[in-house]
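J.: Here is how the chains run, residue by residue.
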Amino acid sequence: MEILVLGLNHKTAPLAIREKLSIPAKEVPELLKAMEHQAIFQERLLLSTCNRTEIYGVGDYPDHSVRRLKALLSQYAHLDLSLFEDKLYVFKQPDSIHHLFSVASGLDSMVIGETEIIGQVKDAYLSAHQSKHTGKILNTLFQRSFKVAKNLRTHTEIGAGKVSVASVAVDLAEKIFGELKNIEAMVLGTGDMAAQVAKAMISRGAESMIISSHHLDRAKVLAEELGAKAIAFDSYEEKIKDTDVLIASTTAPHALVQEKQVRAWMKIRHERPLFLIDIAVPRNIEATIEKIDNVYLYNIDDLRTIADQNRVSRENELEKCFELVRHQTQHFMDWLSHSS
Amino acid sequence: MVNFWFFFIIFIGYFLGLVLYFLNFEIQNPLFSAWAKKATGFTLLLHLAFLARLVFESRGFVITSLSEYLYFFSFLIALASFYMESRYKTKSLMLFSLPMVILICLLAILLIQKKSGIDQVLSPGWLWLHIGLIFGGFASLAVSVSSAVMYLLQSSRLKSKHIGRIFLTLPSLDALDKIHFRSLIWGVILFSLGILSGLFWARAIQELKDVLKDPKVILSFLACVTYWVVLSLRLSALRRGQKIAYSTVLIFGVLFIALVTSYYCPVGVHKGF
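Protein sequences appear in the order of chains C and F. Residue numbers for the first sequence follow my numbering, beginning at 1 and rising by one. Residue numbers for the second sequence follow my numbering, beginning at 1001 and rising by one.
Among the hints, erroneous ones may be present.
[To be verified] Listed below are the simulated EDC-like cross-link pairs for lysine to aspartate or glutamate, each with C-alpha atoms no more than 16 Å apart in a straight line:
#1 F:Lys1159 with C:Glu36
#2 F:Lys1159 with C:Glu174
#3 F:Lys1161 with C:Asp308
#4 F:Lys1161 with C:Glu36
#5 F:Lys1089 with C:Glu179
#6 C:Lys132 with C:Glu224
#7 F:Lys1161 with C:Glu179
#8 C:Lys181 with F:Asp1174
#9 F:Lys1159 with C:Asp301
#10 F:Lys1091 with F:Asp1174
#11 F:Lys1159 with C:Asp293
[What the hints assert, rightly or not] A few chain C residues that don't get close to chain F, going by computed Cβ distances all over 10 Å:
#12 Glu2
#13 Gln38
#14 Lys70
#15 Gln75
#16 Ile118
#17 Gln120
#18 Leu126
#19 Arg204
#20 Trp335
Please keep in mind that the hints were generated in silico from the structure rather than gathered at the bench. Each residue gets a CB set at the ideal place from its N, CA and C atoms; glycine is no exception.
Could you put the whole structure together from the sequences, leaning on the hints where they help?
T.: Encoded structure:
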């Protein structure tokens, strides 16, 4: 019996191929059943995300299963095998085990150290387990992969710090205000980046949000999308007393928010901390504002610098992570040889 | 000599706790966090047991020297910080309180041979109320200093935009402000009541006139008034954040000088402890 993985991902295949071979969650049980009918592996599991499609299998005749599986995928995607066969990778054990541990830990992701993948691996496992396609080996292997992912997160800094501008902004807001559910956020402008930051805040618990723009109609559209409230740009200052986070992202060619103005705001806000996020170019908020007590001002470059630093710091942790993964792979191989 | 070893064991226990808290802060390993809590919790229990032994030996709670005074004081700071850390789930409060606890323990060890000559005036009544309130206030103010230092560190990280390990490890400004504000309120109230009860005690033993000649009383009174000014500014929301945190740390410095002043300037009611 051998553990094997066959698949493709963002490193090996372009989007055009990946989207053809992307398998929606509802179609996974059907495809697993088809594999069973064709005697492809004795245990099998299908993991399909936007960046990868992988089939993990356990069986006695791996080469035979791989041939049939390639044909099945070609048939499913209505794509000639010759068009994507060179994009596929096949790993046999122990590489297949090492690969799964790396995938579950986010080491093989496009954004290194991201956590979304562990949820996707868990979902894929649950789906295969519920439809009885997994057995002793895949059950143990996947349970172990969840533990490895958790251990890596605990013992290394692979997940420390966010790597996107929007997530960095949200992290900073959390370090100022704690939980975001009690804060009031306001967005000036309706740009894409502002919408991304606003969405990230909402996903982390922010409940109260105001969108203000010179174009009230656009503000209303974005507000509806976010479940926020839209107000006219002229009246945004009336709401500033209760605002904790102000995201500025207008196309104005000059600074809309001046130092004098913020000093006055801080008085009426009773010196409560104010987080200003200026993601507009040219900047919407006067830079001298950052010297005011309890005011934290970050512009797009500041956020990008932090995101880049975090990315480098994650990359620096990769060697340590792979060392742990190698160790865990060996550990699993020992278990495998004992149990067989 | 027995006391020396007791104090020393407690000192080592807290020191070990500090090292583990530091390792957890640096390496972010939950194992260190769990061991740091265990080491500090165990030392606290040991500290309490030694205090109980002192009570048992003297058949009543008698503080006869500055050393014992510091020994009891360090226990209260450690206990208050430990409680606040658990209550607000801030992993690193003890890291900032333990250096203070260790410093006071070290002073207690260094001053162990120095007995005060005023045992005879220690009697139940106002005195115990005075000592209890002052110590309670002091411990709470020590926690406010730890949280203020953490607040200043975190806000300076946020202001400088150099996000690093400290930024990731320290709690949010909001959580630190809550701990700081609450411990400051309790500290100032208890400390003020402690000063008041001290005045009543001084009157009871006919020493009221001499009280104002005592540098410890003068410094404590000065610190207390300044604390009330800072607290009013915070309560009226005229000042918040970094400035209040800086003030708390500075005033506590004065209070710490007041704590040891009776040893280095032995005059007045508090002579010798």
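J.: Now, for every hint given, state plainly whether the structure supports it.
T.: Status of the hints after comparison with the structure:
With a C-alpha separation of about 59 Å, the suggested pair F:Lys1159 and C:Glu36 falls outside the 16 Å cut-off, and the hint is violated. Between F:Lys1159 and C:Glu174 the alpha-carbon distance is near 15 Å, which keeps this suggested pair within the 16 Å criterion. For the given pair, F:Lys1161 sits about 13 Å from C:Asp308 by alpha-carbon distance, which is consistent with the 16 Å threshold. Among the hinted pairs, F:Lys1161 with C:Glu36 is inconsistent with the structure: their alpha-carbon atoms are about 55 Å apart, more than 16 Å.
With a C-alpha separation of about 13 Å, the suggested pairing of F:Lys1089 with C:Glu179 holds against the 16 Å cut-off. A C-alpha spacing of about 43 Å is found between C:Lys132 and C:Glu224, which places the hinted pair above 16 Å, so the restraint is violated. Between F:Lys1161 and C:Glu179 the CA atoms are separated by roughly 21 Å; this puts the pair beyond 16 Å, and the hint is violated. Proposed proximity of C:Lys181 and F:Asp1174 is supported: the alpha carbons are some 13 Å apart, at most 16 Å.
Distance hint between F:Lys1159 and C:Asp301 is fulfilled; the C-alpha atoms sit about 15 Å from each other, no more than 16 Å. With a C-alpha separation of about 15 Å, the suggested pairing of F:Lys1091 with F:Asp1174 holds against the 16 Å cut-off. A distance of roughly 9 Å separates the Cα atoms of F:Lys1159 and C:Asp293; the hinted pair therefore holds under the 16 Å criterion. For C:Glu2, the condition that its CB be more than 10 Å from all CB atoms of chain F holds, with the nearest at approximately 36 Å.
For C:Gln38, the requirement that its beta carbon stay farther than 10 Å from each beta carbon of chain F is met, with the minimum near 46 Å. Even its closest Cβ contact with chain F, about 44 Å, leaves C:Lys70 beyond 10 Å, as expected for a residue assigned away from the interface. Every CB of chain F lies more than 10 Å from the CB of C:Gln75, the least distance being 48 Å, so the non-interface label holds. The beta carbon of C:Ile118 is kept farther than 10 Å from every beta carbon of chain F, the shortest such distance being approximately 18 Å.
Against the 10 Å criterion, C:Gln120 stays outside the reach of chain F, whose nearest CB is about 25 Å from its own CB. No Cβ of chain F approaches the Cβ of C:Leu126 within 10 Å, the least distance being about 27 Å, so the stated non-interface status holds. The claim that C:Arg204 lies off the interface holds: its Cβ sits roughly 13 Å from the closest Cβ of chain F, which is beyond the 10 Å cut-off. For C:Trp335, the requirement that its beta carbon stay farther than 10 Å from each beta carbon of chain F is met, with the minimum near 24 Å.
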